[in-house]
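Since each chain sits alone in its own frame, please combine them into the complex, following the hints.
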Amino acid sequence: MKRRSFLRTSSLTALLPWTLNGLGARAFGQEASSFLSALGTTVDANDRVLVVIQLNGGNDGLNTVIPLDQMGTYQKIRANIAIEEAKVLKLRYREQAGLHPSLKGFQDLYNDGRLSIVENVGYENPSFSHFQANDIWFKGDGTPNDTTSGWLGRYLEERFAGYPNGYPNDQMPDPLAIQISAVASTALLGPKQSVALAIQDVDTFARLIGEKPAAPPSPNLNALANDYVDFVRSQQTLSVAYADQLKAAASKGTTGASYPAGNRLADQLKVVSRLIKGGLRTKVYYVTLGGFDTHANQLILHNNLLTQLAEATKAFLDDLKANKLDDRVVGMTFSEFGRRAYSNGSAGTDHGWASPQFVFGHGIKTQFIGNSPDLSNLVKNNIAIEHDFRQVYASLLRDWFEVDEATVRAVLLGGDYEVVPIFRETITAVEPTSEMVVVYPNPATTEARLVWPTGEELKQVELVDLSGRIQPVPVQLLEKNEVVLDLRRIQRTQYVVRLQTTRSVYSRKLLVQ
Amino acid sequence: MAWTATRTQPLAPADIAHFLRRTAFGASPAQLKAYKGRTAAELFDTLSKVPAPPPPTDSDGKTFHDLGWGAPETDQQKRNQLDNQRRLQVKKWWLGLMLDPQRGFAEKLTLFWQNHFVTESDTIQDVRFQHRYLETIRRNALGNFRTFVIDITQDPAMLRYLNGTENTKDKPNENYGRELMELFTLGRGFYTESDVKEAARVLTGWKAINYRNAMTEVISSRFLAGQHDQDKKIFSENFQNKTIEGRPGDKGGDLELGEMVDMIFAHPESARFIVRKLYRWYFTGEISDEVEKNFIEPLAVGFRKDRELNPLIRQMLTSDHFFDPALRGGQIRSPLDFVMGSFVALENPVLSREKEREKYDNLTNNLLYRTKLMEMEVMEQPTVFGWRPYYDTGYYKIWISGTTLGLRGSLTDTLVSGANRFGVEVDTLEWVASFVSEPGDPLVLVREVWGMLMAVEPSQAQLDNLVDDALLDGIPRYEWKEIWDKYKDKGLEDDLRNRLNPLITYMLRLAEYQLA
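Here the protein sequences line up with chains H and X, keeping their order.
Here the first sequence stands for residues 1 to 513, where the numbers follow the working numbering.
Here the second sequence stands for residues 514 to 1029, where the numbers follow the working numbering.
Looking at chain X on its own, in the form it has when it is part of the complex (with noise of 0.2 Å):
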């Protein structure tokens, strides 16, 4: 098998539920049908090609990233009160885009590249400057990155976080060089000390500006040649000894840096680094020697070529290898994957932010806590290297402790359950109608459950302690093709749905429903 060879022919249903699961947070019975008989390339141009959205607003509809800071507040303390409710703010909407099932594969990449290029809304502490960041994420989600790295070391929300703004030529600061080279780039053993602080002066002399400015909303980064280091900056074997020459004028930060990260790139390891990375996000945590060889190597070789991410993603989320049933259920479901997931399958319907605000508000904040609390806040990475799993090989785990499972299944309770909380409904008589072929066999109808929800087969003791305990509790099964035929008697909607309800809570809470 060649690994890295397109998969051309049209994608079996259980194939298109993988592809949403891992490329988007989830799949639906609606997406399932819809998609019927494509491709991989078909699914990933279409699902690839979603229009910006509409900037976050406050609770009464209106945008603040375009406004002073804390404006139209005047008191200092009101403004910073304001712009913390901004930016969580920002984090729901974010949280409410996700939901969208049509723009889960956008956001996921986003969640990919904010993941990698880290900033923490909390140090940021300037919503302005937070949704300038997002959007230079956005555009460069599936650009060039090369372009993606000068952008992001010239935005002015990571000139903030990584003291990129504090670095001048008599005070250098090495923060923001190491973690380039680090955590953006190249990787651990790649680079010296000295790489460190001679990339720390080539990146001398940007600013942020107009950081928590209340009299202007334009806010950006600037160029200052006069704290800019314009002595020779030369970097250690692993780079060739490269000399950067220093480059007086406004021009010379802009040279340099580009100077630099040519001189990164050129590391053959540079491009393996960004593979195996989205390659921990949308594979697996483990990568074999086999994996290196047969997939990562071939894909950085062509990579290298020009750093276009979009025929780079493209070729790994439509290979072979991204289908090869050894990889189903290879990956434990984030915190993320998991809550917009179990929203996404059992359809619930998208609020309107502008019809349903308060609604909306309600859901996307009750989503930020209970995300919160499972250690994956959007923007609130505990470090600059991001969440541990897709940074490190081998610890998709850490998302399992008795507390995380406590409030996974909390939440699926609750969403199935239709206690309200979340201000949507599930219906789940009218999901399991709209996708089971033949409800009235209740092995059918929780095989097909099953298949619907889960990555990964089921034993037969599983589907036989499915229909006999959660689902018929006692009855025998040959009563239950009566009891589903009964069903449009309004009398025994409700039945049914007290069998469904306990049966979807219970296996939303099994062991396999944590995989993808």
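Next up, chain H with everything else stripped away, as it sits in the complex (with noise of 0.2 Å):
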């Protein structure tokens, strides 16, 4: 098929015809401008964090996002659990969707473009065990029993090559991952160990921590002594040369005043909040909320689990804003598997197959991704998956931190997982304002001019090129409302102009001659 007359057909369904690593011209080399620089597009991959918040027993998924196009059927398949259509809360630019009235902080987010919602997500073949879903998920293998590493393990082994022989060093001083936990997660384990230091609290830690060991263990050690003695040993030499790191971060970095109160998430996240305002390198944080099993009585605990979710996730995100730090972080939630679309007769609903999933923070291009779930083809009364949680694990490594495709491959064990535009833009010929931009002239030579309404403030300019690439060009305001493009240095032929303010997002065709 020719692109073009792809192109035409999708602007007609509004499809995804094709997407763009939208993360700004930084990522691309060293020619984007320092205009674009300045607009604090993304910060170097080395500085970018993950968040992992694991919703840990099963969330319902058709109860957190709820489709607003299939109220009908929804209603009728879980009476005695159905969250009442004038409750949901809407999305921007989303009308078959909407969020379980406990998801305010992630309504602001959505509606902020900080979050986005990866739709239907699971695996083939499901597992209906808690233990054997979670291992799927923390080890990225739909067959776990043989892989005794976790993902986030695998990635940060081959990122930071040699662990733990080394560490900490000029390049990496801080821990690689830390899990606010007195045990870190399987989804941690390196091949060798894990690559976590599980933290329950920061100020206590270097003191508790004492001396790494004196004088070498016994030669003659049986097997698997020598492997537990060896465990242990590392486990104290890292923890002693990581304590003082931690120590200076946890007094440097301040906690933000405005997290709820008795949220045992936000406890969490506010740890994290505070080592990333005082300056560790760390790359993964893990935190836990728990509770999600909801076999019986769900809407009351479901509601304050969404809560706590939703509240803690917006104070953190809005705690690192104010700190100038949130281009720095992304999060993702979570949970081994979503339950029943029918509801049990206990008013909870059984172990079940997809749910969405939540990405946010900074970079954000794409906010929803997928469909709701299809209530009049589910599988057993099982929701089908649409997107495999792998794939979302693969965006966050190629566009989040810039991982090359054969190590993704790699760390996910060699499957091929496309991936999904939550960092990359979405190009479709349906975008609702976009008249309201002008761009002249055009067909344009050796520059072009973009004119925005005014009141609106600049926040991101892009030349993309048909396949996809951003084109990195020099770029010079001219007025509250208005830019020149310096096309000079770049290829001539057709590009879509992309232009990010405060209250919208546009795009327009250019033909450069």
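Since the hints were derived computationally from the structure, they do not count as laboratory data.
Simulated coverage check for chain X against chain H, where a stretch passes if three residues somewhere in it have a Cβ under 8 Å from a Cβ of chain H: (1) 682 to 693; (2) 914 to 924; (3) 967 to 978.
Away from chain X, derived, C-beta distances all over 10 Å, residues of chain H: (4) Val52; (5) Pro67; (6) Gln70; (7) Ile81; (8) Val88; (9) Pro164; (10) Glu311; (11) Asp327; (12) Leu375; (13) Arg398; (14) Asp404; (15) Val451; (16) Pro474; (17) Gln476; (18) Leu477; (19) Asp486.
All C-beta atoms in this analysis are idealised placements derived from N, C-alpha and C, irrespective of residue type, glycine included.
In structure tokens form, the structure reads like this:
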């Protein structure tokens, strides 16, 4: 199919014809104009942080992101736990779906462009065992029994070769990952050992940790004991080595005042934000919220859990934003499975299959990926999958951490998972208000001017070619609502100009001759 | 070597210590003396026979499992608070029992089963249910496994925890049916989703009675035939397509449950499943093909015949394989092993709940808090599958992190320094003098203290380091004898303690001490 006709078809159906990496110009080399950088597009990939929120127990996705396009069926199959349509929280530009009433914080983030929803995530041949399903997600392996490492562990061991030997060092003085807990998740197990430092209390950690071992252990230990002694000693050595870094970071980073009280997740995210603010270069933070196994009387339980989730996440991002660190951070939620589309007789839900995943923070480009669950095509009363969870992992690795394709494949155990456009623009020709932006002259030769509605501040402007690559061009601000693009050094071809303002996103075609 | 053959000769001190570290929480000098020359079978028979403990009580010494819910409070909110407090009392009561070296074996076994048939106190929310559940476990811990499974299936706390009480003919709830097969009897991969649904139907009709009822002290479970699915249930080829006929009447629930348990037990995997789980608890986290063939399988064959737990566990814990040197140090101690084992090894006097109630409450409260921080709070497993190292092979290491090492070290530091936070005092001098053969020789002293505390051998460099840096701190070795010999002089006792305390504190922070 010729690209042109493909585009035309798509413009009619509003499908996703092509995507492009939208993290910003700097990701694509040194040529980015100083203007773009000054707009604060995106920090260097080395400084980016991922926060993982595990929702333990199997979150009921269908009551989390509610299918406003199928309310009749929805009400029918779960009458005893259905959320009233009038109470469902609305999403900007997305009529087909809304959020559970207690996810007010998520609604704000969504409508502010800081939250993306990936619908119907799961994997083929689902396990309905908490244990097995968790392991599948942790390890990124559909048959996890033969894999001993977690996906984040593999990524970090790949990224920081040789760990733990020679760590900490100048390039990486801090723990690779931190879990706010006493024990670290399987997701953070590297091929040899956990890459995470599990910390409960940053203030007492250094004081408790003691000294590193002095004399070598017996050379005659049996194999098991030798392995365990070796492991404990390496934990002692690393902890001692990291303790000072942590102490310094914890004392520099202050706790934002605006976290909700009595919120188990907020308590953990508060520590994470403090460490980020304190300057740690740790790549991954891991926190958990449990209690999602709602087999009975779920309305109150679920309401309480989602309130904690949304309020904590919103407070965390706002805290980072107030400290101008929000461009370093994205977060991801996951739960081992969704729940049955049909509710059970105990006003609860049994173990199910697909459920939505949330990605939040900086660089979000596509906010709703996929469709509402198709309630008229359930699989044994379960919601069918639309996205494999490893597509989300691949997106975070490819686009957020900028890991090359081969490494992503290795981290995901050889599987090829198509990236979902969380961090990539979805170009459709149906964006609502592009007429409000003028590009002239068009076609253009040496320069083109771009004018947008007054009162909106420019956040970002990009020139994108038809294969989805961003072309760095010098940009100069002329007026409060006008820029000029210098086109002299780029190829003569068709482009799309993408303009993001404080109010909206616009795109216009531009032919350079 | 016949792996399952009974070790008949009298046990060496190191073997006795090994037995106590694994089958209870730890070994003390006094126990090693008392059990000198015993065989493994004698130890098993002595330690496994302890009377049932007296019930938990409030701080005023009165029992509460035999009252209405939250009684005598009348206000709903106050009842709730009181029940919360009492559920904490049950946890503290249990920790108190674990601290008693005489009960170590029984409590470790009780803990095994509580972690097998998990319920969580915070979910149960009725202390009477919780207490009854623990009684069900204690009663069956060395009994018949078939009876055990049936009792626990009908236990009111379990009916609440896994929603059995909500599982009715018209509104089946799959929760218990799934966990019964996956976690309690068979393991993943040996049943289908349709088996889960059929099992749930077999289990319809059971009810927990008088949950959070303040008006009565009687709690129980009951079968309601009217809520039971009386159609036939058909299972998959995992169970030879077994059909369980629907049984009408009040006996229907019992009959169908019994038939289903027998059906599950007919699966060869069911016996192996339990033997393996005991192996991960008492032996080590890795199960090689060799262990599977030479140990698990022969024991499973025996267990399959009658499902009697006493002979099974006895054979495992008195076997040649149990004493195999290749398994020494083959466990990373769980937080409870570590905490209780440290108290036992250093011979803290056991506080009397009756006579020293305030101290006892403070101590158990402190231990509850600490074990919770180390992620092993009793009766609050993170999920229904229990603590991971015992559910799955190869996960002992998750007990150890920078944080848990810090918490473990802080506990033993406090214990030795006698900072009085525990309300009990360790006298390191008396302790060392009670078992070290030649305490005037610093190397002998260090080596024998090592032997008392550790499951594995030290290197010479470690011993030297302990003698010269931790104990003597610069003074020449030959001067130690003089210091020790003078220790009866009052003035020098504290000097001695000032040297022994750092040594022991340091040893308790070594990697080797994390092993059992």
